[in-house]
Structure formats: C-alpha cells, structure tokens
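Student: Here are the chains, one letter per residue:
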Amino acid sequence: MKLKISAVSLKFIVLIAAATSLIAIFMVIQSGGSWDYILPRRGKKIIAIVLTGTCIAYSTAIFQTLTNNRILTPSIMGLDSLYMLFQTSAVFAFGSTNLSFLNKNLNFAISILLMSGFAFLLHQFLFRKEGRNIYFLLLVGLILGTLFQSLSSFMEVLIDPNEYLILQGKMFASFNNVNTDLLMIAIAAIAIVTLYAQRFNKYLDVLALGRDHAVNLGIDYPYVVKRLLLIVMALVSISTALVGPIMFLGLLVVNLAHQVFGTHRHKVLIWGAILISVVALVGGQLIVERVFTFATTVSVIINFAGGVYFIFLLLKENKS
Amino acid sequence: MINVRNVTKRYGDTSVVNDVSLEIKLGKITSFIGPNGAGKSTLLSMMSRLAAIDEGEVVIEGKNLAQWNTKELARKLSVLKQTNQISIRLTVEDLVAYGRFPYSQGRLKAEDRKFIEEAITYMELGPFRGKYLDHLSGGQRQRAFIAMVIAQNTDYIFLDEPLNNLDMKHSVQIMRVLRRMVDDLGKTIVLVIHDINFASCYSDYIVALREGAIVSQGTTEEMIDTRVLKEIYDMTIPVETVGGQKICVYFS
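The listed protein sequences derive, respectively, from chains A and B.
Quick note: the first sequence uses the numbering used here, first residue 1, plus one each step.
Quick note: the second sequence uses the numbering used here, first residue 1, plus one each step.
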C-alpha cells in the first residue's frame, strides 16, 4: 500500500515538474531581453491556459462519471455549438468589421448569457418532470447541438469568404489574445463554481458505481446529479466563452489520467487530468508559436495528437 | 418494521405491481417468490427507493420512505439488485469499502476497516481481496457485492436474486450467512428468489406474487404446499419432506 501511494505521488511530481518546466520555457524562450513587454503578455496566456485546462478537465471528469461513459465530453450537450452559432450569426448580421462584434467584453458577456441560459432551460425542461433521466438530456442536447451546427453552416456558406476566414479563427480555441478584464472575470467565476463544487466531490467516486448503488449508499441522486450537471455546464460555458471550443481536450486528458493513474479515485483523477491538460496546452502552444510560428492553432495540434493517441489505444486494446 | 400500503407501479398503461399491501416482520427472512414478470423485483425496488412509487406508500419504522433523510436511510436499509454492472475497475476490497460510505463519507476510520474486514471474511473473499472485479468469476463477483452490503451493516437488507450466477456450494454458503445474520445479529432480510427450495429451506415467511398482485402469503410451513403452489405457478408440484425440510419436486 505504501509503495502504491508513493507511485501516485511520483507520477504527480513528474507531471508537476513537466508542467512547471514547460511554463518556464514558455515564459522565457526567445525573449530578446524585453522582459517588461513579454512577461505580462505570456503570463496572461499561461493563466488562460491553466484556467481552460482546469475547466475542461474538471468538467469532463464529472460529466463522464455522471453518464458512466468514458467516451463522452460535455460538448454533446450542444453548448459549444450554441457558441459557434452566436459567433456566426453575429458575423452574418453585422459583418466582422462592426465594432460591437469586435468588442470582446460584450461578446464574452453575450456568449456566457446565451450558454448559461440554454443550459438552464435544458436543465429545467428536463428535470421538471419526474422520471426523465440524464440520457434524455444528452439526447436533446445532441439534437439541438446538431441544429445549431446546421444553422451555423448555413450562414457560413452565405457570408463573404473573407468574413468566413475571420469566423474560422473563432472555431478553434486560441490563447493568443485573451483580454485581461475577461481573465479576471473568468478567474472569479471559476473560483466560485469550483468552490461550490467541492461539497459534491466526495460523491463522485460513489456516483461512478451507477445510479442504483449510489442511491443505496445514501446519495440524494436526483439532487446531486442536477447540481453537478449545472457545475459542468457553467465550467464549459466559461472556458468556451473565454478561448473558444476545445472540448476534445477533455476526452483526451481524462482518459490519459485514467491510463496514467489507473485509479477510480476522483481526487487523483481530476488533479491528474488538470495537470495533463496544462502540460498538453502549454506544450501545444509552444509548438504553435515556435515551430509553426502561429500558422496553426493549439486545438489543431491537440486534436491531431489526441486522434493519434486514440487510434493507438484502439489498436492496443484490439491486440490484447 | 416495514409496511407496504397499496403500492402500484405502472409502465405506460400496464401496471406491473398493482395495489400491493404487506408487512415485513422484523428479524426474519421473507422471500418473494412467483413466476417471471410477477413484479417481485419491481416491488423490492419500490420498497428500497430504487424505483418511484406511483401510488401508495412504503413506511419504514413509522416514517414514509420519501421522508427519510437519504444518508440516514442508507444506514438503515441496503439493497442489492440482480445485475451489477460497474463501469469502473475496482478491486474487491475497494468495492466492499464502498459499503461504508453512508458512515464514512469517503474517509475510512478504524471502525469502517473493521466492518470491511469482517465482510470480506464472512464471504470468504480473502484470497481475492486485491483482485479486480472484472477478473473474477460471476459467483465471486456476486459474493463481493454481497460483502459490500454486509459492510453497510443495515437493519434491513433487500436482495434481488442473490443466488444469481452462484453454484450450489456458494448458494448454500450465502443463504447460511443470511440466516446467521438474521439469527445472530437480528437483521431483517427480504429476498427475491427463484429457487423455491432455497426459499423453503431458509426463509421464515414467503410472499407469492403473480401478475403484480399477492396471490398468497404466510409462513414457509403454510406456503410450501402443493395446493398453494398450484395457485402460484399453475403447476402441480409434489412436496416431499427430506431430512426435516420440505422439498418441492418440480422437475416432472
């Protein structure tokens, strides 16, 4: 038992070391000596990365436990599709040059409002009636998400190709120009949500056993599930509004955390997933900036690496 | 004491359990028997709050099931369903430790460890304690789940087909453990059981259901009787006394 604990701590030490050294490299590489200019700018990116990584890893871990499914991400609920629909409609209606669209704070505010409004409605509608379960919510989210996507693509084919290029920048998460004010708001919001989520943390391990066992072990199942879903939706909305859709990362890091730590304990899994996502995002951002010199975005890198990893997993599982 | 009063469960227009009332005696083993689709499992699920009750009520120690605090109820009543698919990889010991959650809320104390050890010994799971559930046979897994319920240490224990997947040796072993828990520790156990001979040899009371309603109920002595069984199963089942136990010969 003693040995096992130290193995877990060792993995954590390695991950923390990897994360901090990547962050350090990111901060100082090719600085050219103008520290006053570079450090705050890069620091902001790092903060955005850590926030996003935390949101995505935490929300995906909770979501996979609620659904008892390790290949789902919260994006199945259609929140990021709604975000894209809003971005597309804004460009479609006002054009990319319009100032109100370019105002990042307003965009952030409206995105957050839309997504949380949608999440709340979905939630209310589904749980108002007894006997509706979480899979029903996923189904409705999936259908609405597809509808939002179709509407977006409809508008995308109609708009000017130049406008589309600008819109395309929104389709992938990017840490390149995050606004300081928004960062502060996001930090506050995430802090509140995660603090509230703490009281439900101890239930996560039991929820992973499935509904019947959780009820047997004294969990007020409908209440806890509702609250946790709201927490997931809030985290997803904040991170999506801050940097853009990057939900695939969640699938990747939570599964990696399962693979690395081989445990069912959420405390370890969630912290592991958060660290892995920071490593992945900072590493990805470094590659984007230094290797591709901004010719691509970090989500492309993450999706590519993640896709390769999953094919590898499939092949490996297939063999054994 | 558990009182079930006029409970009904409907799926769409068909009622699976229809206006059932019964009383579970303290410190006894009560078995639910009956043909497939009689509503035994559904009734058990409603009594253990796993399924919502459409009409009627279940009263446990004078308090309506819905009014119980969920955490307190989990220290009073435990339930194990027929199928136990778990999507995460757990060792036997981890699983049994979950039985202590209503007390420990995830932080195991010395007392919790004691109950876990006892449950593992009770179910003779010592050699498998570090093994993963998906590496065990169906019977070993079933025993691990029962050990979890034992660790939960509740006054009332509801088991849906606990002998599912078990060979004769382990079936007998589990029924003996249940009997001992009732006789020595004063637990109240309710079972859904298919093999009427196990019901006959180990239970105190038998409740027979058919098409969502109670056909008959009574002591084991009264219930294991060719005439009564005919009403339940539509079969003529001779009952022989072998070694002081009533055995139903239902094979021909």
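Do not take every clue at face value.
A short list of chain A residues far from chain B (calculated; beta carbon distances all over 10 angstroms) [what the hints assert, rightly or not]:
id	residue
1	PHE26
2	PRO40
3	VAL157
4	LEU209
5	VAL215
6	LEU217
7	ILE219
8	LEU256
9	PHE292
Pairs of lysine to aspartate or glutamate, EDC-like flavour, derived with a Cα cap of 20 angstroms [to be verified]:
id	chain 1	residue 1	chain 2	residue 2
10	B	LYS71	A	ASP220
11	A	LYS170	A	ASP160
12	B	LYS76	A	ASP212
What the hints contain is simulated information worked out from the structure, not anything from laboratory work.
Glycine included, each C-beta is placed from N, C-alpha and C at the ideal position.
Student: It remains to establish, for every hint, whether it holds in the given structure.
Tutor: How the hints compare with the structure:
1. Separation of PHE26(A) from chain B is adequate, the least Cβ-Cβ distance of about 35 angstroms exceeding the 10 angstroms criterion.
2. Every CB of chain B lies more than 10 angstroms from the CB of PRO40(A), the least distance being 41 angstroms, so the non-interface label holds.
3. Distance to chain B confirms VAL157(A) as a non-interface residue, since its nearest Cβ pair spans about 41 angstroms, more than 10 angstroms.
4. With a minimum CB-CB distance of about 6 angstroms to chain B, LEU209(A) fails to clear the 10 angstroms threshold, and the non-interface call is violated.
5. The Cβ of VAL215(A) does not lie farther than 10 angstroms from every Cβ of chain B; its closest approach is about 6 angstroms, which violates its non-interface assignment.
6. Non-interface status of LEU217(A) relative to chain B is broken: a Cβ of that chain comes within 10 angstroms, the nearest being about 4 angstroms off.
7. ILE219(A), annotated as away from the interface, has a beta carbon of chain B within 10 angstroms; the closest lies near 6 angstroms.
8. Listed as outside the interface, LEU256(A) is consistent with that label: its C-beta sits roughly 16 angstroms from the nearest C-beta of chain B, beyond the 10 angstroms cut-off.
9. Its beta-carbon lying about 38 angstroms from the closest one in chain B, PHE292(A) satisfies the requirement of being farther than 10 angstroms from that chain.
10. For the proposed pair LYS71(B) and ASP220(A), the alpha carbon gap of about 8 angstroms is at most 20 angstroms, so the pair holds.
11. Restraint check: the Cα-Cα separation between LYS170(A) and ASP160(A) comes to about 16 angstroms, which is no more than 20 angstroms; the hinted pair holds.
12. Pair hint LYS76(B) plus ASP212(A) holds up; C-alpha atoms about 16 angstroms apart against a cutoff of 20 angstroms.
Of the numbered hints listed earlier, those contradicted by the structure are 4, 5, 6, 7.
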